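Novice: Work the whole structure out from these sequences, hints included.
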Amino acid sequence: MSNPVTIIMIEDDEGHARLIERNIRRSGVNNEIIPFTSGTAALNYLFGKDGTGLDHKGGALLILLDLNLPDTSGIDILKRVKENQYLKTTPVVVLTTTDDSYEIKRCYELGCNVYITKPVNYESFANAIRQLGLFFSVIQVPPAAI
Amino acid sequence: MIADVQRKRAVGHILLLAAGLLVLTAISAGSVYLVNKAREDARAVQRTVEVENQISLVQLQLRRAESAQRGYLVTLRPDFRTDFEQAMSELAPALTRLGRLVSDNPVQRGLMDEIMPLYEQRIEEFRTTMELARSQRLNDASKIVREGIGRDTMKHIDDLAVRMRTEEDRLFVERTTNADRSQTLAASITGIGSGLVVVLAGIAIFLVRRSSRARDQADARLRDSHLNLEATIDERTADLREANDEIQRFAYIVSHDLRSPLVNIMGFTSELEELRGDIFKRIAALSRAQSEAPPAPENATDTAEPVLEGPDQKLSEDFSEALSFIKSSIGKMDRLISAILNLTREGRREFEPVWIDTKELIEGIVATVAHQAAEAQAEIRIDALPNIVSDRLALEQIFSNLIDNALKYLKTGVPGEITIRGRTKLGFAVFEISDNGRGIDPKDHQRIFDLFRRAGTQDKPGQGIGLAHVRALVRRLGGTMSVASELNQGSTFTITLPINWPASNRNIRI
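Chains Z and D are the protein sequences, given in the same order.
The first sequence runs 9 to 154 under the working numbering.
The second sequence runs 1279 to 1788 under the working numbering.
A portion of the hints provided could be inaccurate.
[Unchecked claim] No farther apart than 20 Å at their CA atoms in a straight line, the calculated lysine to any residue pairs in the SDA-like style are these:
1. K1605(D) - S132(Z)
2. K1286(D) - L1540(D)
3. K113(Z) - Y1530(D)
[Stated by the list, open to error] Examples of chain D residues toward chain Z, derived with CB under 10 Å:
4. R1375
5. L1540
6. N1542
What the hints contain is simulated information worked out from the structure, not anything from laboratory work.
In this text, all values refer to a predicted model and were calculated from it rather than measured experimentally.
No residue lacks a Cβ here, since even glycine has one placed at the ideal position from N, Cα and C.
Specialist: Set out below in structure tokens:
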């Protein structure tokens, strides 16, 4: 991994965020994790002040996205990321409580790369996150630029 | 109020008809009576005329006899004698006839009685004189004639005849008047009756028109209210549907939002559990160091329980107990939330009616539970079942829930017998799932269909969702569901579904 990947975690529930981070760390992934608790803050960071996303040109990002956010819908964020010319190659992992098949289908249609339902059972949850961490360590993230 | 008016109106109609009938009957009866009376009157008049006629005839024959006698006395020619005999032969029946004709009138009868001897006397005189003449005793004969007794008698007879005629004239006038009156009466009765009938008919027509107008108005009102009712029903249905959708959305959102904190609770409880391991390991190490006991051998693995003593042991156990309660509660809550989510998801699923071979479908379900059935020593029998058009998935869920329940709540130690029967009734297919299991107390029959409610001994896992779900599905498929059961007597669940479930009902959610 020549270019260290930054993980953008958009998760309004701080408890979930903490659990996710812990389990990612436990799986041995040490990449920088930038947490956001609201959609607006995450969008501001992703698209920068000018709203074009030019700031992240050439950077390597991975987005962990929760769909149920208080201010914006996670679907909207997904859509905007996948429509942006600099960000569209960024892998997006949707990690949410919704297991509605319609919602899942919609996310994949919009270009989400992985969809994970948060299980209440902690063993499964931890397992899912650790596997995700394993996944992070092997995938090649392209630089966000063309 | 309206019914009262209508009853009054109906009674009025009947009374009117009855009055019309009565008037017609009276007219007919009166007419018949008067016609008969007129006929009688006419006959009486005719008889009067006849009587007068007969009186004249009698007089005429008597005169004829007299003139024949005179002729004979003068000429002694036998022609006159023959003439006389002829007159005599006609006089007798004429008299008899007259007598018969006046037999009903006492006045005339009296006169008749008076006149008859006079006639006989006169005829006797005629015969005497003629006999005398024939035996050449003309003088004696003339003498008798000259005595004038015969003339007096004749005059008397004439007088009497005049009296009879007068009487008959009187009767004639009287009877003619009677006949006239009868006819006038008949005519006026007919006239008045017809008038009455016309008036009644007029009233009847008026009433009929009025009631038909009232009926038209009522019809219009009925149509209006019908339309209103339909509009109201549509409105209410739309409201209900909206409310239902809202409840579904509400349940969906609530269950999602409930799940989110639950993930945290469960997650951090698990973290706590891990911390607990570390804490008690350290406590154990500390207490060992304090008591300066010989160092225990290093634990082989991190997860192995550290060796604790006395109050520390108790603390550790309490800690574990608290955590296990929290975890089991979370597990339960998660199952409930999942159940609500599944229910709302089912409620939102669009049904697709297809032709279903019911027996094949149920055989498929039975095959999937074959293992459980063998464990419970239960036998599942499937009778001939009617095929229906319905939603396949919904039907699968309904039957598999019921068969699962039947297997789950068998009596321990008794081999299970589960029977699935079917029949059709008025466009509906009726399915019965019977078992010989533990049964349900009748007071719980309603409760078992409620969400999260269960009945009987709680020795089997479950959330109390199955039957609520089944009933919701049956209702959405346009059917009904009921249970018949007694404790320890087994249960029979009856499901009634439309044989041909129309696709148009697809979006109606109950």
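Novice: Evaluate each hint against the coordinates.
Specialist: Against the structure, the hints come out as follows:
no.	hint	in the structure
1	K1605(D) - S132(Z)	holds (14 Å)
2	K1286(D) - L1540(D)	violated (74 Å)
3	K113(Z) - Y1530(D)	holds (18 Å)
4	R1375	violated (125 Å)
5	L1540	holds (5 Å)
6	N1542	holds (3 Å)
Violated hints, listed in ascending order, are 2 and 4; each of the other numbered hints is respected by the structure.
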